[in-house]
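K.L.:
In case you want the letters, here they are:
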Amino acid sequence: MCGIFGSNNFSKFVSLYDINKQRGYFSFGMLGARKDNNSLYIKKQPGEINLDQLPSHVEHEHQLFLGHTQAPTSQERNYTTTTSHPFESQSWIIAHNGIINNYDSLKNEHTSNHTNPVDSSIIPVLLEKNTHDDILETLEKTFSLIKGLVGAWCYNKRTGRCFLVRMGSTLYITNNDQTFSSIKLEGLKIMPDNSIYEICDHGIIPQVNLQNNTSFFTID
Amino acid sequence: MNKCVIPISGGIDSSVILHHVKKQRDDIDEIYTLTFNYGQRHDKEINCAIDQSFGNVKSHKVIDATFLGNLFTSSSLTNDEIDVAKTKDVLGDPQTVNYVPNRNAIILSICAGYAESVGASTVFHGAALVDSEAGYWDGSNEFLQSINNLLSLNRRDRVQIEAPLINMNKQEIIALGVETGVNFSDTWTCYEGEDMACGKCPACSSRIKGFIDNKLIDPIVYSIDIPWEDFNCVTI
Numbered sequence: 001m002c003g004i005f006g007s008n009n010f011s012k013f014v015s016l017y018d019i020n021k022q023r024g025y026f027s028f029g030m031l032g033a034r035k036d037n038n039s040l041y042i043k044k045q046p047g048e049i050n051l052d053q054l055p056s057h058v059e060h061e062h063q064l065f066l067g068h069t070q071a072p073t074s075q076e077r078n079y080t081t082t083t084s085h086p087f088e089s090q091s092w093i094i095a096h097n098g099i100i101n102n103y104d105s106l107k108n109e110h111t112s113n114h115t116n117p118v119d120s121s122i123i124p125v126l127l128e129k130n131t132h133d134d135i136l137e138t139l140e141k142t143f144s145l146i147k148g149l150v151g152a153w154c155y156n157k158r159t160g161r162c163f164l165v166r167m168g169s170t171l172y173i174t175n176n177d178q179t180f181s182s183i184k185l186e187g188l189k190i191m192p193d194n195s196i197y198e199i200c201d202h203g204i205i206p207q208v209n210l211q212n213n214t215s216f217f218t219i220d
Numbered sequence: 001m002n003k004c005v006i007p008i009s010g011g012i013d014s015s016v017i018l019h020h021v022k023k024q025r026d027d028i029d030e031i032y033t034l035t036f037n038y039g040q041r042h043d044k045e046i047n048c049a050i051d052q053s054f055g056n057v058k059s060h061k062v063i064d065a066t067f068l069g070n071l072f073t074s075s076s077l078t079n080d081e082i083d084v085a086k087t088k089d090v091l092g093d094p095q096t097v098n099y100v101p102n103r104n105a106i107i108l109s110i111c112a113g114y115a116e117s118v119g120a121s122t123v124f125h126g127a128a129l130v131d132s133e134a135g136y137w138d139g140s141n142e143f144l145q146s147i148n149n150l151l152s153l154n155r156r157d158r159v160q161i162e163a164p165l166i167n168m169n170k171q172e173i174i175a176l177g178v179e180t181g182v183n184f185s186d187t188w189t190c191y192e193g194e195d196m197a198c199g200k201c202p203a204c205s206s207r208i209k210g211f212i213d214n215k216l217i218d219p220i221v222y223s224i225d226i227p228w229e230d231f232n233c234v235t236i
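Chains as they are written, first to last, in our numbering: chain E, 1 to 220; chain U, 1 to 236.
For reference, chain U alone in the conformation it holds in the complex (with noise of 0.2 Å):
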């Protein structure tokens, strides 16, 4: 039998990359799913990782990390007192304030460590194209390929990374998404902890431009004017 871990957070790409699994990855068998509250600002999203959760894998944990919000007090995620960077302030910035201190590495590692325990050899990560140009070097494909020449050092218990959305970008995996049945009203991507997205921190930009490419109206309310009827976007 087939087991994977999938860290899933909430957002679009890892609800994606479960439903892609669960639907079109005949290979695997049995999904178990991590979600990790890291005292992350937008912690609304680990209500939609349960969402995204249900009824589709074998076991859903929720992870208390919040210590690690504690410690990583340069990230405007974690810590209230800084503010979100906006999109326009920070495009092309090699690492933004947004950046929680490796938090990928981390969260992989337990990832690969409840992997073996339960006996499953793949693990998948949620990077995807946009995370490089975000200013997120633990979203790059150096950071996948180094990350798996760690875990191949392991002498039994063998696990790999895999991320299939990584060379995608956000039209791409909205497609997916529509194609695999993500409901992306259960989904939440904006960095501020605001009932509605904001639609102008890098998260909400490109979330939003993948909804434009797809000709697409997203589902989820922002609190300022998207001009979807400008792009002739529809109803999913």
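With the rest of the complex left out, here is chain E (with noise of 0.2 Å):
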């Protein structure tokens, strides 16, 4: 399991990195968006990254900045990009924090030749797989497929919204700009269990419940 957070400034992205970092050592991932969705900048690497090193077009051209730390809980110990987060997949970018415990049936029954030995990387391919007009719907039809613990952001390369998944794993987020984070810090709330919020211009806002399919029961 690992540490998602994201900012529209980078100063506080590069904050939120230093904060999640005690999440997982093992490797880091993120990605740069635009507001115009012109062009994205992802970066993964492994062990730990010193952020004020990126070029400096990365800082200036972006508008949205999102982060992933890994933990080696999965079975892959070798470090490469293809197991790193985030995962790409035609129309979407995602990263996640958790543990997909029906990997093996999701893998079975909603792929063909999917061999990706980390489980969060089958998050893009459902998503493609469950295309819909509403992509609201795609996010709700694709996460109600999963067990086990999310948290995640998934950016969609075709209309440049991205979007905040909890099921379990714990996400705290503003109200008033783009930030978030795995790890609780002043000024940031828990995100509601099982729901999907959109990271808008305004603030990070609901847009989807979902069923409780962790395997837990909590009680805030």
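Just so you know, these hints were derived from the structure itself, not from any lab.
Positions of the beta carbon are idealized from the N, C-alpha and C atoms, including for glycine.
Hints may contain errors.
Unchecked claim - Listed next, with one range per pair, are the computed distances between beta-carbon atoms:
#	chain 1	residue 1	chain 2	residue 2	range
1	E	Pro-117	U	Asp-195	30 to 40 Å
2	E	Gln-211	U	Arg-156	48 to 58 Å
3	E	Leu-136	U	Asn-141	27 to 37 Å
4	E	His-114	U	Gln-24	45 to 55 Å
5	U	Asn-183	E	Ile-219	25 to 35 Å
6	E	Gln-211	U	Ser-152	35 to 45 Å
7	U	Gly-113	E	Lys-157	25 to 35 Å
8	E	Pro-206	U	Glu-81	37 to 47 Å
9	E	Pro-192	U	Arg-156	39 to 49 Å
10	U	Arg-156	E	Ser-112	41 to 51 Å
11	U	Asp-225	E	Asn-38	21 to 31 Å
12	U	Glu-30	E	Leu-136	53 to 63 Å
13	E	Leu-136	U	Gln-145	36 to 46 Å
Each chain sits in its own coordinate frame; assemble them with the hints.
P.N.:
Given below as structure tokens:
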């Protein structure tokens, strides 16, 4: 399991990385996105990263920064880009914190030759397979199939829309900007469990309620 | 004569394994159980382990391993100065403060040694699917495979660790417990060492969910209201 975090402010993103590092030093992954959805910056690397040493255009040309820190909780112990977050498909880029209990059955029932050993890799595949005109329906159908723990960001490359999903895994968000984190910080509130939120210009807003597919009963 | 060793904590998983082996494993003739007092704050579970073992096993021993509590001060379960982490605060965390360092490897190593000495070839390990979700690497399939690889180096008295619940969710485990006659009143799961279960720690949360998914009311008492009726749960 891992940490996910993000912000529209690069300095804040760097601070969030420092905090979320404690959830996984194994590898780092990020996506930088522009408001006009014209170009994306994806970075993956093993171990830690010094974000101050990224090319300056990353900070200046992008308006949304989404990150992931990975702990080696899957069977995969050797770093490769294909087994590291974020995972990408034709239309989606995603990063996930949690564990997918029904990964094997999802692979067998919904894909023909998915061989990636990391459970999170199935999410963009399912999003493609469940593509619907209504993007919220695509997300709802996909995450309703998943049993286990999910904290995830899902960026749609076609529309530039970005969503947060929480099923079990902790995820904290702000009301008034685009900051979120797996780790609780001052000014962040817990995102309601079993829900999908969208990161918009004016904040992070609720979009879909999901059924409880986790192994835990929680009372807030 | 086939013998086995079961480390029984007094929680649901090991109690279900004990009853499952006793009633459904015709290949096992004698059961030996061990319970570990490792300084856990929820030592109430030890009395439950004694109750569960009574009349069901050839031998039950409570092992004084309280020295572990003095050594493993990083865990909320063995250090009263650290609060038990609640489910809503830690789910998805790769290793929570509730994790007891290397506990399962230590317990299973002792059980494997005990198994050798009493002529048992199997140790039953209570790992369940939810353990991996709750952040315990020593409850995972990979851990099971690895510890069996280690034990397979034994040149004469080979002991195998079996974890029959490792791919089962709490709903399935509780259903198996009902089928095999587990008295759930005599099981204890909560990490807190209070008279009533807290209902908020990961252990309570998965237990409650398992009962709800079976449409059953958990017979133990919780310190918070659990809305059993909202889920149409009935008494066992």
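K.L.:
Taking the hints in turn, state whether each one holds.
P.N.:
Outcome of the hint check:
1. Range check, Pro-117/E to Asp-195/U: about 45 Å between beta-carbon atoms, so the 30 to 40 Å window is missed.
2. Separation of Gln-211/E from Arg-156/U is about 53 Å and conforms to the stated range, judged on CB atoms against 48 to 58 Å.
3. Taking the beta carbon of each, Leu-136/E and Asn-141/U are about 35 Å apart, inside 27 to 37 Å as hinted.
4. Evaluation of the 45 to 55 Å hint for His-114/E and Gln-24/U yields a failure: the beta carbon distance comes to about 36 Å.
5. At roughly 26 Å, the beta carbons of Asn-183/U and Ile-219/E sit within the given window of 25 to 35 Å.
6. The supplied range of 35 to 45 Å is met by Gln-211/E and Ser-152/U, whose beta-carbon atoms lie about 43 Å from each other.
7. Under the hint 25 to 35 Å, the C-beta atoms of Gly-113/U and Lys-157/E, about 56 Å apart, miss the expected range.
8. The hint said 37 to 47 Å for the Cβ distance between Pro-206/E and Glu-81/U, and at roughly 38 Å that hint holds.
9. Range check, Pro-192/E to Arg-156/U: about 57 Å between beta-carbon atoms, so the 39 to 49 Å window is missed.
10. The hinted range of 41 to 51 Å is satisfied by Arg-156/U and Ser-112/E, whose Cβ atoms lie roughly 47 Å apart.
11. Between Asp-225/U and Asn-38/E the beta carbons are some 53 Å apart, a value that contradicts the proposed interval 21 to 31 Å.
12. A hinted range of 53 to 63 Å for the beta carbons of Glu-30/U and Leu-136/E is consistent with their spacing of about 58 Å.
13. For the pair Leu-136/E and Gln-145/U, the supplied restraint of 36 to 46 Å holds, since their beta-carbon distance comes to about 41 Å.
The structure is inconsistent with the numbered hints 1, 4, 7, 9, 11, although it conforms to all the rest.
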